[in-house]
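Given chain A, put chain B in place with the hints provided.
2 protein chains.
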Amino acid sequence: MKIIDGGVTAPKGYKAAGIYAGIKKKRKDMALVYSVVPASGAGVFTTNVVKAAPVKWDIKLTKESKNIQAVIINSGVANACTGEEGWKNNYLMAKTVAENLNLSTEAVYTASTGVIGKQLPIDIIVNNIPKLVGELKETKEAGTLAAEAIMTTDTYSKECAVTFSIGGKEVTLGGMAKGSGMIHPNMATMIAVLTTDLSISKELLQEALSEDVKHTFNMISVDRDTSTNDTLVILANGMAGNPEIKEKNEDYYTFCKALNMVTTKLSKMLAADGEGATKLLEVTVNGAKTWEDAATLSKSVISSNLVKSMIFGKDANWGRVLCALGYSGVDFDPEKVDLVIESTYGSLMLAKDGLAVDYSEEKATDIFAADEVKVLVDIKQGSAAATAWGCDLTYDYVKINADYRS
Amino acid sequence: MKIIDGGVTAPKGYKAAGIYAGIKKKRKDMALVYSVVPASGAGVFTTNVVKAAPVKWDIKLTKESKNIQAVIINSGVANACTGEEGWKNNYLMAKTVAENLNLSTEAVYTASTGVIGKQLPIDIIVNNIPKLVGELKETKEAGTLAAEAIMTTDTYSKECAVTFSIGGKEVTLGGMAKGSGMIHPNMATMIAVLTTDLSISKELLQEALSEDVKHTFNMISVDRDTSTNDTLVILANGMAGNPEIKEKNEDYYTFCKALNMVTTKLSKMLAADGEGATKLLEVTVNGAKTWEDAATLSKSVISSNLVKSMIFGKDANWGRVLCALGYSGVDFDPEKVDLVIESTYGSLMLAKDGLAVDYSEEKATDIFAADEVKVLVDIKQGSAAATAWGCDLTYDYVKINADYRS
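Quick note, the sequences are listed as chains A and B, same order.
Under the numbering used here, think of the first position of the first sequence as 3, with each following residue one higher.
Under the numbering used here, think of the first position of the second sequence as 3, with each following residue one higher.
Heads up, some of the hints might be wrong.
Identical chains blur together in the list; that is why a pair holds if it fits in one copy or across any two.
[As the list claims (entries may be wrong)] Taking lysine-lysine and the PhoX-like style, the derived pairs with C-alpha atoms no more than 25 Å apart in a straight line are:
1. Lys-354 <-> Lys-250
2. Lys-401 <-> Lys-120
3. Lys-250 <-> Lys-139
4. Lys-338 <-> Lys-4
5. Lys-365 <-> Lys-120
6. Lys-354 <-> Lys-90
7. Lys-267 <-> Lys-26
8. Lys-401 <-> Lys-316
9. Lys-365 <-> Lys-139
10. Lys-250 <-> Lys-14
11. Lys-90 <-> Lys-338
12. Lys-316 <-> Lys-120
13. Lys-26 <-> Lys-316
14. Lys-401 <-> Lys-365
15. Lys-171 <-> Lys-26
16. Lys-27 <-> Lys-216
17. Lys-376 <-> Lys-248
18. Lys-354 <-> Lys-58
19. Lys-58 <-> Lys-338
Derived from the structure by calculation, the hints contain no laboratory data.
Bound-form chain A, shown alone:
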């Protein structure tokens, strides 16, 4: 199993395109991913009660459609809080893609990201779909154009791919994602599209995805705001030629491992590129009684504004980490907690058994100077562990969200 260059066009039989249509002021704003043959589709979506029209559409398709063959995405407008008109616009977007690709409308997932409460500029979208379809290509570059077209306040595009072997066949899994703000996924992140040429039953594809997000996209937070548009979909078109995976055998777990490799990478990229972020913060809690406890504790730490400000300030105010563990809702003994910080610049124990260790503040500041900072917590209550990813809280987060209008 190895990571390769590329994204959604890395597996066999996938084409992509990304163009500028005029929804946003300048940057690319429409993307399309297409499987040349019918594929199984699975997805996980926001748990926010307020769901965008494309999210409702994709939930319906995930339940009812046998095959999915395309994913159309626009950035700039989220098509959330848009009522009946928003639902019709979303349908028209899917239908126009379907007509141009000679598919059923119910084979087209949709996703939108951007400002909430505004109607889609549907004429611009419909008029640009033929151009978008015309630019579909199998190249790595085409995948990158698509990854760029789904960005909002992201500062770079996010792609990842991995190859692995199943039943003697080489299988590839690729993906792209966008994040940045309103990132505290409760089912999946803002928008991510995964593609694979694996042959697998729709049911197992969904199960693998649902299980995977618990450990990856659901373990990141930029600002504790769970979006109205969170969407993670995967297409599996079978073109690798492996015998179809129909049960939880060794092949299934090989696929789960590959899936985890891609989604972990994308999750970390989303956290590192959180709005205004200068650093990726990785928090691992060890010694918990259950995985759920460890996950709750680690998410509580990466979500704390005070911890996030401390990371930005390179200040080893470790009491804030203990404080965030303490209000997570998980019961533990504060007087057993060990706390270590770590980066490429070294490793340093800050607290042992809940008490300050006599450490060098200078060394702590040096460790915090790296782009990726790890906080390792051991609560010594059991043997479960979990890792969560977040970022620092900076002046630029405030600037972006006080000024950003579309």
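Okay, now just chain B, sitting in the frame of chain A:
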């Protein structure tokens, strides 16, 4: 019932003092509140699993002590995550006050606020207690000195008092509080001390306080970080001479109303003076099925970094309010939600039945220019309502928490 000038020294029989002892670099750092006769004491404290030594002490006293007569508070060091040594230092602080005032040690509440994980400079504290006791006075000015001595990153001191009549006797209730950062109380705020000359049973005093905080201190948030030191205590010394309140009669509810007046005012002052804040944000959710639903929804909105940044930017990006309602965990119909913003500069409907109203962005920006901004939400599911208070998220919040070392 009317609000009067003053704080903890407003009721009969209370003295206070605030001095600079040298725990902090420059500003006052030790405060004492003293009742000249034994008083009933009640308190509510942080729900954080990590509890500071003074919090554990006060919880013990609230359960076991018949009378409380003094509250000693230091700022600069929180005495949290300090283990056995922290517990001993805290006891010594109470004991020294008790000796100087000729009280039992178990009649002295303690509170500490400041950096977590550092031991108290106990020599400085013990050596300065005689001076602190020597400066105890019944004046309004003495109350203000105490209110100033408990501040950390607060930009102004917070006091409030109210008089009311019970059984033909004039009763007074006064209070002081400090807040600013790590404010997302789950039982009470960082530190608040209330005093009254009312005569009331200890049980009813506790019940009134526990019920009251649900609607006041527990309805504010600065940064979603529930502190290790949250402490709200009240002393009632009976010097007003009213017949002791022993049941939930009209007098009890008169007291509850007065209590609510003082705690609401202090809560709003804490929210308005949140770290870096330029504005008080008040969010009221109407039309909920239950008070609990309304409270959860309104707290979700005031806690959202995206809503807080929007208020700072004076940008009517109302979709963020709907998004925060949507992930609160309360079920409602997004297509029924009305949303109005309001301040001294006017009132404006932004959304009706979950959809954008065609409003003037300029007028919205004008309304947001006030120091106090209200967001009124109607979800039209029932008749319950709740109000929560927060503040905007600003560059200065990040600055304070990236730089602050003690």
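> Which of the numbered hints above does this structure break?
Replying inline: Violated: hints 1, 3, 4, 7, 9, 15, 16, 17.
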